[in-house]
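Spelled out from the first residue to the last, the chains are:
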Amino acid sequence: MIEAKNLNKYFGDNHVLIDVSHRFEKGKTNLVIGQSGSGKTVFMKLLVGLLEVDSGEVLYDGKDFTKMNFEHRKAIRQEIGMLFQGSALFDSLNVEQNVMFPLNMFTQRTLEDKLERVNFVLKRVNLENVNPLMPSELSGGMRKRVAIARAIAMNPQYLFCDEPNSGLDPQTSGVIDILIQEITLEYQITTIVNTHDMNSVLSIGDNVAFIYKGRLWWKGNKNEILQTNNKELNDFVFGTELTSRLKK
Amino acid sequence: MHLFYGIGKYVMLMKRVFARPQKRVIFRHQLFTEIQNLGIDSLGIVVFISLFMGAVVAIQTAYNIDSPLIPLSMVGFTARQSVILEFSPTVISLILAGKVGSSIASQIGTMRVTEQIDALEIMGVNSANHLIFPKVVASILINPVLIVVSMWMGILGGWLAGVFTGLVSTHDYVTGIRLDFQAYTIFYAIAKTIVFAFIISTVSGFFGYETEGGALEVGQASTKAVVYSSILIILFNLVLTQLLLT
Ligand SMILES: Nc1ncnc2c1ncn2[C@@H]1O[C@H](COP(=O)(O)OP(=O)(O)OP(=O)(O)O)[C@@H](O)[C@H]1O
Ligand SMILES: [Mg+2]
Numbered sequence: 007m008i009e010a011k012n013l014n015k016y017f018g019d020n021h022v023l024i025d026v027s028h029r030f031e032k033g034k035t036n037l038v039i040g041q042s043g044s045g046k047t048v049f050m051k052l053l054v055g056l057l058e059v060d061s062g063e064v065l066y067d068g069k070d071f072t073k074m075n076f077e078h079r080k081a082i083r084q085e086i087g088m089l090f091q092g093s094a095l096f097d098s099l100n101v102e103q104n105v106m107f108p109l110n111m112f113t114q115r116t117l118e119d120k121l122e123r124v125n126f127v128l129k130r131v132n133l134e135n136v137n138p139l140m141p142s143e144l145s146g147g148m149r150k151r152v153a154i155a156r157a158i159a160m161n162p163q164y165l166f167c168d169e170p171n172s173g174l175d176p177q178t179s180g181v182i183d184i185l186i187q188e189i190t191l192e193y194q195i196t197t198i199v200n201t202h203d204m205n206s207v208l209s210i211g212d213n214v215a216f217i218y219k220g221r222l223w224w225k226g227n228k229n230e231i232l233q234t235n236n237k238e239l240n241d242f243v244f245g246t247e248l249t250s251r252l253k254k
Numbered sequence: 066m067h068l069f070y071g072i073g074k075y076v077m078l079m080k081r082v083f084a085r086p087q088k089r090v091i092f093r094h095q096l097f098t099e100i101q102n103l104g105i106d107s108l109g110i111v112v113f114i115s116l117f118m119g120a121v122v123a124i125q126t127a128y129n130i131d132s133p134l135i136p137l138s139m140v141g142f143t144a145r146q147s148v149i150l151e152f153s154p155t156v157i158s159l160i161l162a163g164k165v166g167s168s169i170a171s172q173i174g175t176m177r178v179t180e181q182i183d184a185l186e187i188m189g190v191n192s193a194n195h196l197i198f199p200k201v202v203a204s205i206l207i208n209p210v211l212i213v214v215s216m217w218m219g220i221l222g223g224w225l226a227g228v229f230t231g232l233v234s235t236h237d238y239v240t241g242i243r244l245d246f247q248a249y250t251i252f253y254a255i256a257k258t259i260v261f262a263f264i265i266s267t268v269s270g271f272f273g274y275e276t277e278g279g280a281l282e283v284g285q286a287s288t289k290a291v292v293y294s295s296i297l298i299i300l301f302n303l304v305l306t307q308l309l310l311t
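Chains as they are written, first to last, in this note's numbering: chain A, 7 to 254; chain B, 66 to 311.
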């Protein structure tokens, strides 16, 4: 479980996150939704420490991450897998080497052992026989899946995904969503997904937090979200032609 | 103010760069790769430029000796002195600042803007150390080798030019390059080269690492890397020449 308590973040005079508190549950796909520029990425980066908070706490199973030094953070980070908006595969390494990278860096396992793990996670994301390909030779959806494989290679306790569906067609993004949800359930991970894709919200949104202009505006699940009277949330949910027609 | 802020950031980054690598096997592998990329792959251009510069120095000197009192062995002597003292360590380092510096900055800059550096940090890797340290060590090891090769090639170029133009005989040239030779000059050249190698790799690593934005900024970072390493090489050249030769 990860808990954010009264997080505040400024960029100069720009108060980007205002007193955000939220609890992300274990074994669930926790979604953070909101408009572009609302602060989702900043929120996620604060949670993993890629940005420093100006005030507030981030608790990983009760331990305050923001006050830890590099060594203690390192220990927690080895429990974290993260999927970046642009996949962030290492472009000088092929698929196999990318997935094996954390295993090489942090374990003493034999090559055989590591290869077995690599092939296992690649299979888990439905990729086979792509081991020797370079990231530049993959499609966007394949890159996302390799990135997921790399993120789960070390059996993380926490999985962070920043817009896993951006730039994908609706079908492929559905496949990615389901994959993330399955992995979360299977390994009882605490998963956090940033998205502005309503399809994802309605299919995997167990625990949804809506961020509006830097504030945590609404919390609930995928069923409650369709019934709420919250104006800003309604504008967000029914903001597209498709969803507004569905509502009628 | 801006300058001091930049220097402060550079120092902070270097504190993270100079740490013990997390995994020795991986470091060794990276080191060999970098020696190949930053060193061996520059051999061609170093040989080419050195041969021709040596040749030009020899021809210039030969044409400018018009007094019969000055022996033709001065051509060899001048070629040797200018190649060892300044041409190889300084000019070749400037060339390397252009070639190697821009490649380091754009490689690391691209990794920054595509979140690959964040990906390393998330795993718990000290990304500054992982990405920059092998390049610094590789440069410090391989640049002196390149500079020694350059010295030989420069002197060889001078000889070839002298003989083919008929301006200087082999005998005169060889007498010249042996005249009053001091081994200390080689030490001086290598000491300078090591400082320049440090400047090129750390300054370019710094500009790459601190890139923010997108492809445009990566290009700017690589230009800045070359400009600032070149300026620093020129400044340190003056300082080191003063320090080491007096
Ligand atoms: N490094 C930064 N420096 C200054 N301002 C920043 C920085 N990163 C983000 N911001 C600002 O913080 C706000 C929130 O940005 P953020 O990237 O979190 O949005 P987002 O919700 O992830 O949007 P999107 O859905 O488009 O990814 C924006 O106004 C942005 O300008
Ligand atoms: Mg974002």
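One should not assume that every hint holds.
With a straight-line cut-off of 20 angstroms between C-alpha atoms, the simulated EDC-like cross-links for lysine to aspartate or glutamate are [claimed, not checked]:
{"id": "1", "chain 1": "B", "residue 1": "Lys88", "chain 2": "A", "residue 2": "Glu58"}
{"id": "2", "chain 1": "B", "residue 1": "Lys80", "chain 2": "A", "residue 2": "Glu77"}
{"id": "3", "chain 1": "A", "residue 1": "Lys80", "chain 2": "B", "residue 2": "Glu277"}
{"id": "4", "chain 1": "A", "residue 1": "Lys228", "chain 2": "A", "residue 2": "Asp203"}
{"id": "5", "chain 1": "A", "residue 1": "Lys32", "chain 2": "A", "residue 2": "Glu143"}
{"id": "6", "chain 1": "A", "residue 1": "Lys80", "chain 2": "B", "residue 2": "Asp106"}
{"id": "7", "chain 1": "B", "residue 1": "Lys88", "chain 2": "A", "residue 2": "Glu31"}
{"id": "8", "chain 1": "B", "residue 1": "Lys88", "chain 2": "A", "residue 2": "Glu188"}
{"id": "9", "chain 1": "A", "residue 1": "Lys32", "chain 2": "A", "residue 2": "Asp19"}
{"id": "10", "chain 1": "A", "residue 1": "Lys73", "chain 2": "A", "residue 2": "Glu85"}
{"id": "11", "chain 1": "A", "residue 1": "Lys51", "chain 2": "B", "residue 2": "Glu275"}
{"id": "12", "chain 1": "A", "residue 1": "Lys51", "chain 2": "B", "residue 2": "Asp106"}
{"id": "13", "chain 1": "B", "residue 1": "Lys88", "chain 2": "A", "residue 2": "Asp203"}
{"id": "14", "chain 1": "B", "residue 1": "Lys74", "chain 2": "A", "residue 2": "Glu188"}
{"id": "15", "chain 1": "A", "residue 1": "Lys51", "chain 2": "B", "residue 2": "Glu151"}
{"id": "16", "chain 1": "B", "residue 1": "Lys88", "chain 2": "A", "residue 2": "Glu118"}
{"id": "17", "chain 1": "A", "residue 1": "Lys11", "chain 2": "A", "residue 2": "Asp60"}
{"id": "18", "chain 1": "A", "residue 1": "Lys51", "chain 2": "B", "residue 2": "Asp183"}
These aren't lab readings, by the way, just hints derived from the structure by calculation.
Evaluated hints:
no., hint, in the structure
1, B/Lys88 / A/Glu58, "27 angstroms, violated"
2, B/Lys80 / A/Glu77, "15 angstroms, holds"
3, A/Lys80 / B/Glu277, "24 angstroms, violated"
4, A/Lys228 / A/Asp203, "13 angstroms, holds"
5, A/Lys32 / A/Glu143, "35 angstroms, violated"
6, A/Lys80 / B/Asp106, "36 angstroms, violated"
7, B/Lys88 / A/Glu31, "34 angstroms, violated"
8, B/Lys88 / A/Glu188, "33 angstroms, violated"
9, A/Lys32 / A/Asp19, "35 angstroms, violated"
10, A/Lys73 / A/Glu85, "18 angstroms, holds"
11, A/Lys51 / B/Glu275, "18 angstroms, holds"
12, A/Lys51 / B/Asp106, "39 angstroms, violated"
13, B/Lys88 / A/Asp203, "40 angstroms, violated"
14, B/Lys74 / A/Glu188, "43 angstroms, violated"
15, A/Lys51 / B/Glu151, "49 angstroms, violated"
16, B/Lys88 / A/Glu118, "19 angstroms, holds"
17, A/Lys11 / A/Asp60, "12 angstroms, holds"
18, A/Lys51 / B/Asp183, "10 angstroms, holds"
Hint violations for this structure: numbers 1, 3, 5, 6, 7, 8, 9, 12, 13, 14, 15, all remaining hints satisfied.
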